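*Asks:* Whole structure, please, built from the sequences with the hints as guidance.
Read top to bottom, the protein sequences are chains A and B. At position 105 of the first sequence the residue is numbered 105 (the working numbering), and the sequence of numbers has no breaks. At position 56 of the second sequence the residue is numbered 56 (the working numbering), and the sequence of numbers has no breaks.
None of these hints come from the bench; they were simulated from the model. All values reported here derive from a predicted model rather than from experimental measurement. Incorrect hints may appear among the rest.
Residues on chain A that point at chain B, a partial pick, calculated with CB under 7 Å [stated by the list, open to error]:
| hint | residue |
| --- | --- |
| 1 | 98 |
| 2 | 101 |
| 3 | 104 |
| 4 | 152 |
| 5 | 153 |
The list that follows gives simulated cross-link-like pairs (lysine-lysine, DSS-like), each with its CA atoms no further than 30 Å apart [stated by the list, open to error]:
| hint | chain 1 | residue 1 | chain 2 | residue 2 |
| --- | --- | --- | --- | --- |
| 6 | B | 48 | A | 87 |
| 7 | A | 55 | A | 234 |
| 8 | A | 147 | B | 105 |
| 9 | B | 48 | A | 3 |
For glycine and all other residues, C-beta sits at the position ideal for the given N, C-alpha and C.
What follows is each chain in one-letter form.
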Amino acid sequence: MAKVITKVKLRNFKRFQEFELHLQPERNLLLGDNESGKSSILQAIDLVLAGSRSKVETLGIESLFNVDAVLEFLAGAREYGNLPELKVELYLNEQHNPDLNGNNNLDGTMCDGLALICSPMEEYSEEIAAILKDEDVSFPFEYYSIKFRTFAGEPYGGPRKYLRHLLLDSTQINNEYATREYVKSVYRTNSEDGERHKHQNEYRKHKAKFRDAVLSDVNAKLDTYQFSIATSKKSNLESDLTITEDDISIDNKGRGKQCFIKTEFALQKKKSTHPLDVLLLEEPENHLSHTSMKRLVTTIAHAEEQQMVVTTHNSLISTRLDLRNAVLLNSTSTVSAALSDLSPETADFFMKAPDNNVLEFVLSGRVILVEGDAEYILMQALFKQLVGTEIDTTDIHVISVGGTSFKRYLEVARLLGVRTAVLRDNDGDFEKNCQKAFESYLSDSVRVFSETDNDIRTFEISIYQNNAALCDEMFSGGRIRLPPQEYMLSNKTTVALRLLEEKAENLVVPGYIGEAITWINE
Amino acid sequence: MVTYTDNNYRNLTNRIIRQYGGIPVGTRIYTYFSFLYSFCLRPLVGDKYGLRGINFDTPPDFTRRLKRDDLRHYIDSNGRIYASRMASFIIKTGMVEDVRNRIAKYCDVVFVDEVQDFAGYDFSLLLDLCAGNTDAVFVGDFFQHTYDTSRDGNVNKGLHDDYDKYKKSFEDRGFEIDETTLRKSYRCSQTTCEFVSDELDIDIDSHHENKSLLEFVDNEGWAEAIFHQPHTVKLFYRLHRSYDCLSDNWGASKGVDDYDSVCVVLNMKTEKLLRNGQLEKLPPMTRNKLYVACTRARSELFLVPERYFKKFKR
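*Replies:* Quick look at the structure:
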């Protein structure tokens, strides 16, 4: 039976004061802007599963502790009893192990799980209380202990692992330490305990042989002091191991290739008795070309053996791995929104549709959805005309979607509460195309704007009607044989580009677009 | 598997490893108090009561006067729970049902060794947890009852006064009594068993038919020689540490299984009773301890009056 994490709960960990995230048994996507805390969540999971105090010590409790919790404490009455604690809890599915089961967790529910707890050491309570009385006190991180324990209250750490995991951080691809850690964990998951001891023992013997056979020439010339090969914590089998492809060590390959190999290698089906339970992938898109990324995504999508948590800000990765597995993290709030309620049709649409901007949409606070390239091109100008500022300096995104996919985006908008203005042509039937079609999607945060006059079927006609003199002047004569409005309808993009370049400041904004901009900008 | 003494815990673990080449997956061996703490209490209420371990000391007097719903009756100021009050804590705080569920969830069978030493609330809790729950097998020797897991108040007082009543307290909760399977000793010889049956009036038989050396040593020179024999363990009624030799106390030797040659040291009173053939008249606890001591012997058993060893006393 697969071992999976069902929920992650954080208290005072990095940017999260209180945070809870449910995980799916197979694939999980964490989407979010920079600083939204995606990486922190992977790090939190990694720390708990590794159960290594030295790892936490190396990072420093101070760097893991939520800054606001510290500031709030210092600004308050500074009572010993109110000192904040840092907790990372991983709730697991049924593991059939009494050592993991108990209700020593923030939820107080009976289940299996692991936790990292940093709390003040009680044996120093008097010293801490004394320090806290000091006027310009600094937070007593030095008096915090690092504990790993199961929900049964059983301490754990070191080699006794309940779940096997691997963190693949491609942002650290050139980091020697990270690479070594990676090789080490891959080696461990691919070998048995007994096997490893044998390997290490043999390796030591070979070093001795080398000394006797090869270094003997030099050593023969020496007396008391002799050359030998180091064997220590820093130079042993695990520290010297590397992974090769066609006899070339992965260290010597390009970053992109390294990312690729590492991910693929971690994902390959194991003959080992101890497959990985959890794989943590940090931004696998880093350093990868579009083609490599597509291949990688296919590999990830077909990996079935383990639970995966992937962070990304890449649309391709998020849609291909099924948006329903995605959880959205926002940099301005610490609430996560899951897309698991998305309809299968919509998830499928984004998976198969051409490369799209869904992630941009998902990560935006406010969006104007337009129907075509022409609207997209002119929207900047119209916005500036009306509001006076560049649209790019706001958090409003303009996204161009094909006519039929509006509803797909609106379904996402409804789930995530993205404020969305839809600009729609009425195509000659306002009631049908702009009212009935969107009825079920309208809400306080979703509105549709269009011309109500069925004669003004499209955006171009509306632009012409509002700027007749200007358009007549620009789009007649010369090689243009069609009447201006006809010409505009059959050369949409060209017209939009020329208007933007030549008359951006003189355009009269059509009424419905004005309403849309005003509403979205509220 | 739950056992009481550390000796037993080690013995049991070693035997299982010898038999199965390791501890089989799913098998857990606990000493009684670690079972109560790590398996029962801590997972359920570790954080709730801020438990931080077990306090094996006798609880201080003031705690006896506290109401039974006062936490300080059970837990010391450092968050450690008194060993002797863990069972009553589980009962009084209404956790029996939760622990029963936990046992049913993780255990197919519960084995309890040295069950005769369960007393007080521990005895009540043991039956409350196992009766009508998962299969349970309790193993014990009524006559090896030499101490109590804990004694706190008057609960189950007199439990060990009468063997028949003792058996009935199990039967009343639906347990079957099996007095045949383990009636014969694998360790002790025919000779030792006969001695115990005749002199101590405790019915015991052997799986072996061979005779062994059993000698009442009434000769100072011979006694001294035995004292200096390094392979012969000297078992004293008490205070064995006063003698500089391989030694233990009668009661504490329970569960030890690797003595071939045993010398049971008799104090004046016991020596006299033995000479008169009246050992069965010893107070029950003392008789039980002597019984434990004598049955440690795999082969030779010497009975030596303590007065011959006086000169070696430190």
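*Asks:* Each of the hints needs a verdict: does it hold here or not?
*Replies:* Each hint, compared with the structure:
The interface hint given for residue 98/A holds, since its Cβ lies 5 Å from the closest Cβ of chain B, which is under the 7 Å cut-off. A least Cβ separation of about 6 Å between residue 101/A and chain B falls short of the 7 Å threshold, and the interface hint therefore holds. Of the supplied interface hints, the one on residue 104/A holds, with its beta-carbon coming within about 4 Å of a beta-carbon of chain B, less than 7 Å. Look at residue 152/A: its Cβ gets to within about 4 Å of chain B, closer than 7 Å, so that hint holds up.
For the restraint placing residue 153/A at the interface with chain B, the shortest Cβ-Cβ distance is roughly 4 Å, inside the 7 Å limit, so the hint holds. For the hint linking residue 48/B to residue 87/A, the alpha-carbon distance of about 16 Å falls within 30 Å, and the restraint holds. Proposed proximity of residue 55/A and residue 234/A is supported: the alpha carbons are some 17 Å apart, at most 30 Å. A threshold of 30 Å between alpha carbons decides the hint, and for residue 147/A with residue 105/B the separation of about 28 Å falls inside it, so the pair holds.
Between residue 48/B and residue 3/A, the direct Cα distance comes to roughly 28 Å. Compliance with the 30 Å bound is thereby established for this hinted pair.
In summary, this structure violates none of the numbered hints.
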